[in-house]
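Peer 1: Sequence:
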Amino acid sequence: FLKGVDVVMDGTDNLEARFLINDACVKHHIPWIHGAVTGTEGITMNIIPGTTACFRCFMHHVTYMERVRKRERAGILNTAVLAIASLQATEALKVLTGGSTRKEAFHVDVWCGTWTPITVERRASCPACGRGIFEFLEE
8 FLKGVDVVMD GTDNLEARFL INDACVKHHI PWIHGAVTGT EGITMNIIPG TTACFRCFMH
68 HVTYMERVRK RERAGILNTA VLAIASLQAT EALKVLTGGS TRKEAFHVDV WCGTWTPITV
128 ERRASCPACG RGIFEFLEE
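Residue numbers (the working numbering): 8 to 146.
By construction, these hints were calculated from the structure, which means they are not laboratory data. Every residue gets a Cβ at the ideal spot worked out from N, C-alpha and C, and that includes glycine. Just to be clear, a hint being listed does not mean it is correct.
To be verified - Label-pair restraints from in silico Cβ distances:
#1 Arg138 <-> Ala24: 16 to 26 Å
#2 Gly82 <-> His36: 31 to 41 Å
#3 Thr121 <-> Leu9: 32 to 42 Å
#4 Ile140 <-> Val88: 28 to 38 Å
Go ahead and model the full structure; you've got the sequences and the hints to work with.
Peer 2: This is the structure we're talking about:
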């Protein structure tokens with residue numbers, strides 16, 4: 008189902024869907040751009056199979072998980088969505104044109120006006136990018 012796809016953009020609001028996207032893209036070596044927003048904050052990350060950490064590696068980042076869980080209690084400010092979507096679109100253009108893409112995740116808080124890079128390391132024990140186990144494709 009990904010034949011001919013050059014890059015995948017994540018605009019989902021569901022963790023299971025993101026794990027499915029991750030498994031499919033890592034397995035087929037397709038770059039994808041993750042994005043998530045909660046309240047006034049958002050996170051985006053380029054996932055370039057074989058080069059960067061994947062979404063499963065990213066999920067071990069405690070701060071990110073706390074923000075995802077908080078989303079159930081918070082609304083979403085539309086300008087935060089626009090900021091993350093803007094970064095995602097720019098990174099997708101870089102992937103498509105062979106430009107240099109960011110290797111770290113990026114946290115944005117539009118209310119506070121902060122833009123913070125987050126280093127996420129690839130994990131050798133990661134089921135997807137470390138061991139090649141794609142359980143979300145098998146369900």
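Peer 1: Each hint needs a verdict: does it hold in this structure or not?
Peer 2: Evaluation of the provided hints:
1. Between Arg138 and Ala24, the C-beta spacing of about 22 Å keeps the proposed range 16 to 26 Å intact.
2. The hinted window of 31 to 41 Å between Gly82 and His36 holds, with their beta carbons roughly 37 Å apart.
3. A hinted range of 32 to 42 Å for the beta carbons of Thr121 and Leu9 is consistent with their spacing of about 35 Å.
4. Look at Ile140 against Val88: about 33 Å separates their beta carbons, and that is inside 28 to 38 Å.
Hint compliance for this structure: no hint is broken.
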